[in-house]
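> Sequence:
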Amino acid sequence: GYTITETQPADYVDSLDSVGSLGGVLGNDILSAIPVTGSDNGSDYNFAELSAGISGFVFIDSNNDGLFDGGETPLSGVTINLTGSGQSRTATTDTTGYYIINGLPSGTYSVSESQPAAWAEGITSAGSEGGTVNLNQIGSVTLGATTIGSQYNFAERGGSLTGFVYNDLSSDGIFDAYELAIPGVSITLSGVDINGNPVNRTATSAADGRYSFADLPQPNGDGYSLSESQPAGMINSINTLGTLGGTLAGDIFSNILFPAPGAEGSAYNFAEITAGSANVSGSVWPDTNHDRLKNDGTGAAGWTVEIILRDDPLDNTAYTLIATTQTNTNGDYQFNGLIPGIGYEIRFRHPTTGLVYGSPISSEPGVD
Numbered sequence: 001g002y003t004i005t006e007t008q009p010a011d012y013v014d015s016l017d018s019v020g021s022l023g024g025v026l027g028n029d030i031l032s033a034i035p036v037t038g039s040d041n042g043s044d045y046n047f048a049e050l051s052a053g054i055s056g057f058v059f060i061d062s063n064n065d066g067l068f069d070g071g072e073t074p075l076s077g078v079t080i081n082l083t084g085s086g087q088s089r090t091a092t093t094d095t096t097g098y099y100i101i102n103g104l105p106s107g108t109y110s111v112s113e114s115q116p117a118a119w120a121e122g123i124t125s126a127g128s129e130g131g132t133v134n135l136n137q138i139g140s141v142t143l144g145a146t147t148i149g150s151q152y153n154f155a156e157r158g159g160s161l162t163g164f165v166y167n168d169l170s171s172d173g174i175f176d177a178y179e180l181a182i183p184g185v186s187i188t189l190s191g192v193d194i195n196g197n198p199v200n201r202t203a204t205s206a207a208d209g210r211y212s213f214a215d216l217p218q219p220n221g222d223g224y225s226l227s228e229s230q231p232a233g234m235i236n237s238i239n240t241l242g243t244l245g246g247t248l249a250g251d252i253f254s255n256i257l258f259p260a261p262g263a264e265g266s267a268y269n270f271a272e273i274t275a276g277s278a279n280v281s282g283s284v285w286p287d288t289n290h291d292r293l294k295n296d297g298t299g300a301a302g303w304t305v306e307i308i309l310r311d312d313p314l315d316n317t318a319y320t321l322i323a324t325t326q327t328n329t330n331g332d333y334q335f336n337g338l339i340p341g342i343g344y345e346i347r348f349r350h351p352t353t354g355l356v357y358g359s360p361i362s363s364e365p366g367v368d
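In my numbering, the protein residues as written are 1 to 368.
Just so you know, the hints here were simulated from the structure itself, not pulled from any lab data.
Even glycine gets a Cβ: it sits at the ideal position worked out from N, Cα and C.
It is possible that some hints are incorrect.
Claimed, not checked - Calculated pairs, SDA-like style, for lysine to any residue (alpha carbon to alpha carbon, straight line, at most 25 angstroms):
no.: 1; residue 1: K294; residue 2: T324
no.: 2; residue 1: K294; residue 2: V280
no.: 3; residue 1: K294; residue 2: G223
no.: 4; residue 1: K294; residue 2: S283
no.: 5; residue 1: K294; residue 2: N279
no.: 6; residue 1: K294; residue 2: S281
no.: 7; residue 1: K294; residue 2: E306
no.: 8; residue 1: K294; residue 2: D332
no.: 9; residue 1: K294; residue 2: A278
no.: 10; residue 1: K294; residue 2: Y357
no.: 11; residue 1: K294; residue 2: G354
no.: 12; residue 1: K294; residue 2: R347
Unchecked claim - Okay, the calculated beta carbon distance ranges per label pair:
no.: 13; residue 1: I174; residue 2: G66; range: 33 to 41 angstroms
no.: 14; residue 1: D29; residue 2: S114; range: 36 to 44 angstroms
no.: 15; residue 1: V199; residue 2: S150; range: 54 to 62 angstroms
no.: 16; residue 1: T96; residue 2: E6; range: 42 to 50 angstroms
Required output: the full structure, derived from the provided sequences and hints.
Encoded structure:
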């Protein structure tokens, strides 16, 4: 029969070899007495090896905790460099953000990242075999002959742009405390990042009017643009550029540049005026004669009156506070500039205890 022998590769440790489909005798790096007759095809005569290695991930760390959480974005094409114990190797992250450098002899190593231009440095983490972290480098990683060190991760941070959409009752372009948010408005971000990749995203203003775009790569020299889909029944007031500047034209903020990767821009606000606003008013009073009419001659002052929005009218724990006021000496209150067509709720709190008054049902969550 035939004999197959392996010259043991440097930097690897023997593992379990295997005799293949035609049989034979297994020795140390030798497969012998392999019977081959006629047109036989033998397969799976394998020589297995073990070595040391180091692996990890590069990713966008949305919550900046240094952990590659579910839903966070991996970064591909990032170069990882390894040196130590006479070795100098590189690897590139794949589409899952993963890299591995193996075939290493036992020894002490340093692994570093070539910082990707579009992102800011996040938290660098030493993995399973320990090490010393210094910015984008992890040193003093000691590996045994067959040790694969894992979770040597490099986290990155993106930039952000945020703002509000609101009803500008005073028509001055300032989101005053008494002015109300406009939820459900579509905001579009567009641009090209520093690597030439298009960036196009859409966000919707929340119940408090806030919209946000997070995990943004460094834009190219033209910067990002933000545009608003004009809410129905409203007309433009005075929009305001945010903290990173840019160019304002109508309902578009353009040329928003990041001074460095990871920059955070805020207060890119879209102000509107209702073509026809709604108002609501009422009173709080002690109904001593129980006729549900305010004819007792007294009002209840200092009660807190709130306007809220919530998805579930029976859930008292998940809501957004839109506006608040207090009853005057006559027990009266009023809200102006409400947006027609929004499903607001009005809620009353006792002036001393702060408890919400109404008719709670025992099955409602959050009832006090």
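> For every hint, state whether the structure bears it out.
We went through each hint and held it up to the structure:
Between K294 and T324 the CA atoms are separated by roughly 22 angstroms; this keeps the pair inside 25 angstroms, and the hint holds. Distance check on the hinted pair: K294 and V280 sit about 17 angstroms apart at the alpha-carbon level, within 25 angstroms; holds. Between K294 and G223, the direct Cα distance comes to roughly 59 angstroms. Violation of the 25 angstroms bound is thereby established for this hinted pair. For a cut-off of 25 angstroms, the pair hint linking K294 to S283 stands: about 8 angstroms separates their Cα positions.
For the suggested pair K294 and N279, the alpha carbons sit about 20 angstroms apart, so the restraint of at most 25 angstroms is met. Annotation: proposed proximity of K294 to S281 holds, straight-line Cα distance about 14 angstroms (limit 25 angstroms). Between the alpha carbons of K294 and E306 the distance comes to roughly 21 angstroms, so the proposed pair stays at or under 25 angstroms and holds. With a C-alpha separation of about 11 angstroms, the suggested pairing of K294 with D332 holds against the 25 angstroms cut-off.
The suggested pairing of K294 with A278 holds, with an alpha-carbon distance near 24 angstroms, which does not exceed 25 angstroms. For the given pair, K294 sits about 18 angstroms from Y357 by alpha-carbon distance, which is consistent with the 25 angstroms threshold. The straight-line distance between the Cα atoms of K294 and G354 is roughly 23 angstroms, inside the 25 angstroms bound, and the hint therefore holds. Note on K294 and R347: the hinted pairing holds, with a Cα-Cα distance of about 19 angstroms set against a maximum of 25 angstroms.
The hint said 33 to 41 angstroms for the Cβ distance between I174 and G66, and at roughly 39 angstroms that hint holds. Roughly 38 angstroms separates the CB atoms of D29 and S114, a value that falls within the hinted 36 to 44 angstroms. Distance hint for V199 and S150: a CB-CB separation of about 32 angstroms, inconsistent with the stated range 54 to 62 angstroms. Against the hinted window of 42 to 50 angstroms, the Cβ-Cβ separation of T96 and E6 comes to about 32 angstroms, which falls outside the hint.
Hint check: violations occur at hints 3, 15, 16; the rest are consistent with the structure.
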